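Peer 1: Residue numbers (our numbering), protein chains in the order written: chain A, 444 to 558; chain B, 217 to 330.
Be careful, since some hints might not be right.
Below are the DSBU-like pairs computed for lysine-lysine, each with C-alpha atoms no more than 35 Å apart in a straight line [unchecked claim]: (1) A/Lys521 <-> B/Lys272; (2) B/Lys268 <-> A/Lys484; (3) A/Lys521 <-> A/Lys484; (4) A/Lys484 <-> A/Lys497.
Simulated from the structure, these hints should not be mistaken for laboratory data. Keep in mind that this is a model prediction, so the values were computed, not measured.
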Amino acid sequence: EAGVTQFPSHSVIEKGQTVTLRCDPISGHDNLYWYRRVMGKEIKFLLHFVKESKQDESGMPNNRFLAERTGGTYSTLKVQPAELEDSGVYFCASSPLIGGNTEAFFGQGTRLTVV
Amino acid sequence: GNSVTQMEGPVTLSEEAFLTINCTYTATGYPSLFWYVQYPGEGLQLLLKATKADDKGSNKGFEATYRKETTSFHLEKGSVQVSDSAVYFCALSAGYSSASKIIFGSGTRLSIRP
């Protein structure tokens, strides 16, 4: 079974440009999460989808970030316009929508470098 | 609010040395506690977890015990190997369902010398 996959693995863009990150969760997982690790600091929660609905977007840093999950399958995270402080590793995770504290499965991450 | 504090890195040890990476947490209620690991070039993987006080999570020779009285979840391994070189993240989930966000510590980079 395929795990969580993220594209691209690495992106280098100039300040002011737009970048779109993609996450394909494990098939059948209704929960999808985005996290970010900036400058070797802690991994911070960005937002959580349940199917196509945003359940919690309290971690989104500002309105330059837009996340979508059309049809409840894959998700995209767009940064527009990108700033230098947006550089970091963006992780996606998914888990099934059942009761109990089940494991969230993470992708390899997308390393974003804004220059 | 909920938070996780873990030992600053990097940590460098010789092969077969004993490892401890300290982790303490602040949370309301009864969180689940985790250790995640990121090997070079790979994604985050769950290493072990504990869901209630006094539980011990273990995997690949690593252990951590959920200590509610000290709000700690220290990671230990008796004899590390070069292949254990990675970044380790302590984390908690404070919800009661699978739809609970995870709160991570800052990560500890571990390097093992042959």
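Peer 1: Would you mind marking each hint as holding or not holding in the structure?
Peer 2: Going through the hints against the structure:
no.	hint	result
1	A/Lys521 <-> B/Lys272	40 Å, violated
2	B/Lys268 <-> A/Lys484	27 Å, holds
3	A/Lys521 <-> A/Lys484	22 Å, holds
4	A/Lys484 <-> A/Lys497	25 Å, holds
When held up to the earlier numbered hints, the structure conflicts with hint 1 and nothing else.
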